[in-house]
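S.K.: Sequence:
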Amino acid sequence: MSIENLQQEEILQSRKAKKFSLWLGMIGMFMMFAALSSGFIVYTASGVDKGIKTILPHAFIWSTVAIVLSSLTMHLASKAVKQNQLAKQKIYLLLTIALGVVFFFVQVEAWSTLTSRGIYFINTNASQSFIYIFTGMHLAHIIAGLIVLIRCFIGAAKPIPLDQNTFRMDLAAIFWHFLDLLWIYIYVFLLLNQ
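In this text, residue positions in the sequence shown follow the working numbering: the first is 95, and each later residue adds one.
Keep in mind the hints are simulated off the structure, nothing from the lab.
The list that follows gives simulated cross-link-like pairs (lysine-lysine, PhoX-like), each with its CA atoms no further than 25 Å apart: (1) Lys112 - Lys176; (2) Lys173 - Lys184; (3) Lys173 - Lys112.
Please build the complete structure, drawing on both the sequences and the hints.
M.R.: What follows is the structure, given as structure tokens:
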């Protein structure tokens, strides 16, 4: 086997390992949110005074719109790189990043609405604290996702080799779509329990 073939095989093995690690991480994140959901359900079932006892801020609707739109722009960025349209990829990546930042600030606005209602992270009703825990943990993952997207944009701007750019975009798209689905789960879960 030639040196070039060995190098290509190492690259393929490395990419498989990275993709597997991403899937393991996402499974771990899903399990964490499933455990939080279980904890919330057990806590609220322990008494009639244990529910959220507030209407969720309308800002959560706008953050949902922002993240769904960002998932669409991420799909378009991923599609553009597969067609070797780097200019489109960069535009759609910038739109995705911008929508991720909008999501971040709208979430902060939702927390501001909660605190203006007298609902704080630390209070006697842990159900209300769970709102901050769910949204805060998700927001931490959004920050990680934004870092991944910025790294993809830098790779597209350099530019890096097309196969490396495509692989990087594939991983970023999987992670970003996962965050989108995770937010929809969190939002619907909280809506059903308000």
